[in-house]
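Protein chains: 2
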Amino acid sequence: MTVLLSHRMLLAGWARRATPTAAQWIHHNPEKMTLLEMLGTTNLRKSTPKDYRILREIFNSFERYSGVGNDIQLTLPERAANELIMCEKKREYEKGIMDPSKFAPGHHIFQVLTKVKKSPLFQILRRMPKGAALKAHDTSMCSSRVVIEITYRDNLWVCTTQNGCRVEEFRFAKDKPKDVSFENGEWQPMEKLRELRGEENLRKYLQMRFSMYPLASFTTNAHAWRHMMGIFGLLDGLLQYAPVWGDYYYNALKEFYADGVQYLEVRSVLPQLYSLDGSRMPKRETVQIYKDTLERFKKEHPGFIDSKLIYAPIRHVQPELVGEYIKECTELNKEFPSFVVGFDLVGQEDVGHPLSNFAAELLKLPDHIHFYFHAGQTNWYGSHVDQNLLDAIVLGTKRIGHGYTITKHPVLMRLAKYLNIALEVCPVSNQVLQLGSDYRSHPAATLIAENVPMVIASGSPGFWRAAPLSHDFYMAFLGIAPMNADLKFLKRTAKNSIKYSSLKDEAKAEAMEKWKKQWDKWVENIVRQRKKDSETEKK
Amino acid sequence: MTVLLSHRMLLAGWARRATPTAAQWIHHNPEKMTLLEMLGTTNLRKSTPKDYRILREIFNSFERYSGVGNDIQLTLPERAANELIMCEKKREYEKGIMDPSKFAPGHHIFQVLTKVKKSPLFQILRRMPKGAALKAHDTSMCSSRVVIEITYRDNLWVCTTQNGCRVEEFRFAKDKPKDVSFENGEWQPMEKLRELRGEENLRKYLQMRFSMYPLASFTTNAHAWRHMMGIFGLLDGLLQYAPVWGDYYYNALKEFYADGVQYLEVRSVLPQLYSLDGSRMPKRETVQIYKDTLERFKKEHPGFIDSKLIYAPIRHVQPELVGEYIKECTELNKEFPSFVVGFDLVGQEDVGHPLSNFAAELLKLPDHIHFYFHAGQTNWYGSHVDQNLLDAIVLGTKRIGHGYTITKHPVLMRLAKYLNIALEVCPVSNQVLQLGSDYRSHPAATLIAENVPMVIASGSPGFWRAAPLSHDFYMAFLGIAPMNADLKFLKRTAKNSIKYSSLKDEAKAEAMEKWKKQWDKWVENIVRQRKKDSETEKK
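Chains as they are written, first to last, in full-length UniProt numbering: chain A, 1 to 539; chain B, 1 to 539.
Certain hints may be false.
Identical copies look the same in the list; a pair holds intra-copy or inter-copy alike.
Restricting the straight-line Cα-Cα distance to at most 25 Å, the calculated cross-link-like pairs of lysine-lysine (BS3-like) are [stated by the list, open to error]:
id, residue 1, residue 2
1, K521, K532
2, K417, K46
3, K417, K508
Read the hints as simulated data drawn from the structure, not as lab findings.
Please model the complete structure; the sequences and the hints are all you need to start from.
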């Protein structure tokens, strides 16, 4: 008790000076006195109201200094911008506390998409330089607008069933395809179908088919996955046509860049693209098209940093085939050493093989090619899918795609922190694929509080008609992070995306500079706009 | 690297002997080598498949030995019972992985209540001696069957609107009440209404009005709360009638005891009960009725341990009134020292005052009367409600009601563990009050993994037509805990409920014995039933 009393007096002394300083001291000198030692073995019920207030303030500050962004010092202009951002955030937050039905992150994105787009906070975040988007899938990155434009190209055939009512497959070809994979399926030129169903009608229909809409509520996440795999399947014939592949990627780069993303890592299954005569090209051609398109894009957009490729074939295969993939990845990396930089396996984990099945094959990948494994994208706890998290870490992954279940595995969470493995948190994807319904229950809140390395990513934004990355930032900032998470949180998250990218050290430094330039401009614009607004008000 | 290599060799040596032993050694000697030191600073990508398997097994075991129940050693009969229990658990779990729509904890309880009752696993859990139920509210503990029976008593009047279609209020009185609180409200004898609407019809209607059914989906948790407060209000006139109050409590004890609960802590707002002439009695009478009823019940049920009272008035008041409550609690404890043992504040936190507002008053409570605060029953992160968690802890609470948001506050989670504060986890309540939809996303999974003190509790089971405690155990065991959580988890959870009760040391030891007797009988019954079943199969 005497020990505690002296602690108490010490704390009281600190509190008089400035509690945040005290908390910072504790934070930076954890070896000197732990949070728990501070409490000692006393009976808290003997506290005076003053004791209580001091302890409370100290723990509060301690918590404030433990989360993501605590290491960031804002510049003067950033502080001014922060005030405006927090004013908009608090407006939405407090409206939500008054009437939770008005809080966007409490709803399914499909129900609030338009509303969110009008939010002043979203408008600010949309323009924010976000650094890198580290998780995007090859054929779900672009908006449906881009995909629908592709359906206007020459030589496109469409296979329909139900007398033209249901579109089953697309194919580019000189002549009408002869093979039909669907019962009662019929091929016809796309122009003909458009004429038949009416342009506007068909556009609306395709917009629906190219996204998860309108199904905000699936019975289970398995059901949502099946639906999503159906979209991927429908797009295959459209996007795997060699002349289209590069254009789709170009448009993705364009859309991400317009959304404040300067660097993009794409996970691709690397399909063998086809030509008008139906012949398939080798995989290296797919990579070559990526590479050429990227060079063109970079030349035309000097503010853009770069893009890299993670070879990510489907996981629902036998170990021998994974062995083949590993060989392919090694070859491709030899040919495109600065572009094909990583390996992953994709597809619904719940129904796939666990990573451990493939361990012997995976360990054959040369260690300069990194693993970026999807893992723990599930809500089962203790199933083999859950084990993927452990396997990803023990296999030496550099990042983890989703890791949704990691908060149920504190040991692994500590390992991720220690080994500096970043989690790619994809809020909107998790909701659409039915892992959670309310953003306020997203487990990443714990990652933020524990300061576990994390980045905000999207995955397949085109399928949910969301912005490439802005909706994920909005939901994370307003719905997942604590109310007091501010510009420090946003800055740390943006910087993390470059820090945890596969860029090499020197390139990383350059990337950080390119990002910083845009960041400072963005901050300046907010401050300038604010001045303008308050001057207008005065008049 | 050399350091790591020697670690590696050490680990390999362990693994050859028996990995669980190695993990146990690490677990019990954390000061000798930490989880993280084991990894060293090596490149995991240089692992051989054998290295990988060893590390994987060690971390796996480490995790297994960290969760709730890891300290329990099962006896031989318990091991036999465990096999049967895990067989039933796995059956449900694996069916769920095959088709998630068949997994009960993935649904709203209202949709699977009947299905769950038929589950063999539920049947086992229903009979399990659960120890104590540490969270139950005074007028929502009993099934609606009990409440409906009360409506058959003499002298009951009912106030209806919409021409008898909507029941608004009940009152026991000799003559027709004169005051009407509802527009167009009319009082009539209950018999008359029953005759008018038909007995069966009215029974069904009341069953609906006395529960949260059929609304499995409210727009927000504020909406769910308003609905629930409406039920409490409707029940007031029925249950606050002095002769009814004791009977309701008696029935609650009976129903909880039949559900495997031997000890009950009730949170009561302690209303002033009324007599047939409308006069109100002092609060001490309410407690006296509780006390007398309890004595009667204990005499008639020697296997029952005890019941205690936590005075828990509504939190939506000014600090001065809380000061009054504290005085009342002190007085009542003086008169009923072994029965009125604690203090709490109830009602929706989101719309109430934060605990900190009342701190000065609360700290006046003599410290032998414990705090059992509700706190963090919210999904807002960083709001004042969230702060209640911190305040509850710093004010010296013995347990925390819900603490749903604690995993977003690792600092507080560590404090709860250090100070041995148990969280009262109420899975079904959290779902019905819209904090989460799928049990697999319940934050208590993290508490289980981190071995933070916790008990499983219910709250207002009558309002969701659930068993007093069995549905919460079922959802926690199957839906929240990891697949491999077994009888050790159940035993630790049952024992915790007595450990974290307000019983004094000696009484606690006696309680543990009384529970143990029933526990051993239950285990024996499972094993006997199993033998019988396998003999029948052989024939």
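Results of checking the hints against the structure:
1. K521 / K532: Classified as within: same-chain Cα gap 16 Å, cross-chain 78 Å, threshold 25 Å.
2. K417 / K46: Answer is between; shortest inter-copy Cα gap is 20 Å, intra-copy 38 Å.
3. K417 / K508: within (21 Å within a copy, 41 Å between copies)
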